[in-house]
Each structure stands twice: as structure tokens, then as C-alpha cells.
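S.K.: Single-letter residue listing:
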Amino acid sequence: MPPERRRLVIELASFLSVFVVVMLVGAWPSRGVRVGFSRALSATANLALSEVHFGAGVQLQLLPLPASTARQANDNVEADTAVVLRAPGQPGDRRFGMSLRRDAYLPLLIFVALILAAPLGARRKAACLTVGVPIVLCVAIGSVCILVTYLLSQSDGTSIPEWQGDLSSFLFERWLTPPGNRVIAPLLFSAVLGSLAHKWPVARTLPAGRRTPSSRANAPAS
Amino acid sequence: MTRKSRVCKNLHSDSRSRERLTAAQEPGSLPRVRLTRILHWLAAGTGRWRFLALTLALMIAFYAALYHPYAETSLPGRCLIAYLELAANGSALLLGWLGEPVSVQGTTVFGRFPFIVVLDCAALDAQALFAAAVLAFPVGGWPKLLGLVGGLGAIWLINVSRLVALYYAGVRSLELFQVLHEEVMVLLVILSVCGLFFAWALWARGYAAGPRRLGAAHAT
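Residue numbers (numbering that gives the first Met the number 0), protein chains in the order written: chain A, 0 to 221; chain B, 0 to 219.
To be clear, the hints were calculated from the coordinates, so they are not data collected in a lab.
The model shown is predicted, which means the values in this text are computed figures rather than measured ones.
Possibly wrong hints are sitting among the right ones.
[Stated by the list, open to error] Only pairs whose alpha carbons sit at most 25 Å apart, straight line, appear in this in silico SDA-like list of lysine to any residue:
hint, chain 1, residue 1, chain 2, residue 2
1, A, Lys-198, B, Ala-135
2, A, Lys-198, A, Arg-94
3, A, Lys-124, B, Leu-51
4, A, Lys-198, B, Lys-143
5, B, Lys-143, A, Leu-187
6, A, Lys-198, B, Leu-55
7, A, Lys-198, B, Leu-53
8, A, Lys-198, A, Ala-184
9, A, Lys-198, B, Trp-48
10, A, Lys-124, B, Ala-52
11, A, Lys-124, A, Val-8
12, A, Lys-198, B, Arg-49
13, A, Lys-124, A, Leu-107
14, A, Lys-124, B, Lys-143
Using the sequences provided together with the hints, build the complete structure.
M.R.: Set out below in C-alpha cells:
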């Protein structure tokens, strides 16, 4: 096999093996990971959304469900988190279940697996993950907000402005409904971030006394 | 044109003609040249950004059209329902070949594990991704047309196979069905689409390079 082709095959095999291993280890159905992620993301989302109100002052809170919660017959998903909605002046609350594992954890894992498997240096991978992971989590929290706005816009007396209702309906149909988006979005995002990372300058620590080519070029002629 | 740029151009054209010559003279090395071209193109920078931006724009356009809440009586609504019925009939046909006692009514497949094919189960998102990537890829019209027809058909078959696999999973255990349906199959379908696209891109680049190679061979 020619050396260039051998190199390509090795790169492809290494990409696939890292991706598969990370996915298998990370996506293995584990109650502990599921509940832990739900707790962590719920706490972060509640902190971020504490001052956010929907329509006539409706407040959103994410409540991690215990690991023993059984799936009901009419549940669309195996819920690990309850979305709690409280309206001012109304007793009690309205709540429905959602799966943060499916909607946030797995997309995040796909993104992380793709970046770890990408043919980038360790520093660039670290930079991609530092930038990308918060963005993926913000998008996940934003998606919950879109869902809540859409559900409230379908109910009477929630005072959701018409434009918000239309926008949330558009996004609900195109962003939240297609199941493939949970894979396509991290795939495209990691492709964009990986492409950008090729151009990022990476600072290297050189041994004392050694000079980089650029420092040599910038040095005054002696 | 300065002397330096002329020299660069000559070097560039020399390397290109050398590549054509190698490709024309050594049949065994052809796949290497094609794969290398694809990877060089993907790493080229501007082409890659144009491709990503165009794919994203086309995806948004396709999603806007496909996932609009059409009335069932409207033309697009009827087309989408017909497509769902086609998927239900395809999966029932495949299940019938495998010896399962199934029947179809509209978009519902009746059998040991009855299921309804809804819009989310039709792999339209995967087809939108594939179509957008093929249309954004910089090759001529014919490879794109062939890629669209072959690729969308292949994705339909993959989806029908997915429905059949989910049927057997549902017969075995509801828990297994839920895990496969919500987590595993979505990933597998999109990864298959990526594989299909790369296979098509390799072929399309080779197809596009074909006439030029022939021309070079005639010229020499």
C-alpha cells in the first residue's frame, strides 16, 4: 500500500475507533450518569433562567427526577427531568417530563466524541471543547425555553406575544421535532469548529533559548 | 504577470499534469488519487467553508419546506402522507418477506408489534441533510442528479430496514424498542447518510475527473 494511502487509512481507522469507543463508553445506559447529568444541567439551567419569565410571568424550573421514576404508558420519552411551570397568582404548578439524556446529553456526547476523534492536536481539541461544550449546553437550555414558549402559546391566557408564538412554532416544527437534529446539529457544529480550529494559533512552550521561526523573522537584522 | 507567479503557475500545472499522467498510466493508483483529491479539497479552506455554508442554507430551506405544518388536504400534505404510506408499505413488504403476518392500513402497520409511521419516523431530516450536502458539493449536474436519486432511494431503504429492525425489537421487548428508537437508530441513520455522502463524493470527483483524464491521454 502506498504510504500516503496507508496514512489516510490509519487516520480514518483511528477516527472511527476513537468515535466508537467514546460513544460506547459515554452512551452506555447508566442510571447514575443519567441522574447526575440531569441534576447538573437542571441546576445550571435554573440558575440561568431564574430571572426569565414567559408571557404573563410564568416561571420555568427544571427538576431532576429520581432514578426510580418509572416510565408511564402515555409518556413519549423516558423522563429523567420534570419541567415545572408556575404562573403568578395561580395555585400549584403544571409539569411534564422530558429526557435530558436524549435531548442534551447524547448531542453533547456526539460533539465531544467527534472533536476527540478529529485529526487535531491536543491543544486544539481542548480549545474546541472549551468553546463548544458551553455552546451545546446553552443550545439545550434554549431548546427547553422554545418548547415552553411553544406550549404556552398553544394555551389560553398565557399572554405570550404573537410573534413569540409564531417564532416558537416555527422553531418547534423545524428544530425540536426532527429527531435527526440531535445528531446533525453536533455533527455540523463540530465540523465548523474543527475547521476553525485548524486556523487557530497554538501557543507552544519552547525550551529556553529556542526561538520560533516567526520570532526569528521578526527579530531585527544584526 | 511577474516572473515569480509565472513560475508558480508552471509548477502548479506541471504537478497537475503529472497527477493526470499518474492517474491515466497506473490504474491501481486511481483510488488513491481520488481520495487524496477529496481530502485536499476538504482541507483547502475557502471551498470547505462555501460547502458548509451552502449545506447549512439548503438544510434550513429543506426543513422550512418539509416540516411546515401543512393541512392534510393540501398538496404538500397529501404528498407527505403518500410518502409515509410508502414507508409503511415498504416495511410491511419486507416484514412479509421475512415471514411476519402483517397488514397495512394507511400509515399503520398491524402485526405482532403494531406501529404508525409518522413524519418524525420518515428520515426526512436525513434526506434533507444528504440532499443539501450533494447539492452543495462542487461537481457537475449529472453526478448530482444521480447522487440525489440513488442516495435518497438508499436512505429510504435504510429507513425501511430501520422500521423492520424496530418491529423485531418491539416484539422482543418494549424497553429495547425504546432505546433503539430514541437513541441508537437516529445516530446510525445519520452516520449511514455521512457514509453514503462520502462514497458518492469519491465517485463524483472521479466522474468529474474522467473526461479530463481522457483528454490528457489523447493529447499525449
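S.K.: Determine for every hint whether it applies to the structure shown.
M.R.: Here's how the hints hold up against the structure:
Between Lys-198/A and Ala-135/B the CA atoms are separated by roughly 23 Å; this keeps the pair inside 25 Å, and the hint holds. Note on Lys-198/A and Arg-94/A: the hinted pairing is violated, with a Cα-Cα distance of about 46 Å set against a maximum of 25 Å. Proposed proximity of Lys-124/A and Leu-51/B is supported: the alpha carbons are some 20 Å apart, at most 25 Å. For the suggested pair Lys-198/A and Lys-143/B, the alpha carbons sit about 31 Å apart, so the restraint of at most 25 Å is broken.
Among the hinted pairs, Lys-143/B with Leu-187/A is consistent with the structure: their alpha-carbon atoms are about 21 Å apart, no more than 25 Å. For the given pair, Lys-198/A sits about 21 Å from Leu-55/B by alpha-carbon distance, which is consistent with the 25 Å threshold. At roughly 21 Å between alpha-carbon atoms, Lys-198/A and Leu-53/B fall within 25 Å of each other, so this suggested pair holds. For the hint linking Lys-198/A to Ala-184/A, the alpha-carbon distance of about 22 Å falls within 25 Å, and the restraint holds.
The straight-line distance between the Cα atoms of Lys-198/A and Trp-48/B is roughly 13 Å, inside the 25 Å bound, and the hint therefore holds. The suggested pairing of Lys-124/A with Ala-52/B holds, with an alpha-carbon distance near 22 Å, which does not exceed 25 Å. For the hint pairing Lys-124/A with Val-8/A, the CA-to-CA distance comes to about 21 Å; that is within 25 Å, so the pair holds. Between Lys-198/A and Arg-49/B the alpha-carbon distance is near 16 Å, which keeps this suggested pair within the 25 Å criterion.
Taken as a hint, the Lys-124/A and Leu-107/A pair is honoured in the structure, with Cα atoms around 15 Å apart against an allowance of 25 Å. A distance of roughly 34 Å separates the Cα atoms of Lys-124/A and Lys-143/B; the hinted pair therefore is violated under the 25 Å criterion.
When each numbered hint is compared with the structure, violations occur for hints 2, 4 and 14.
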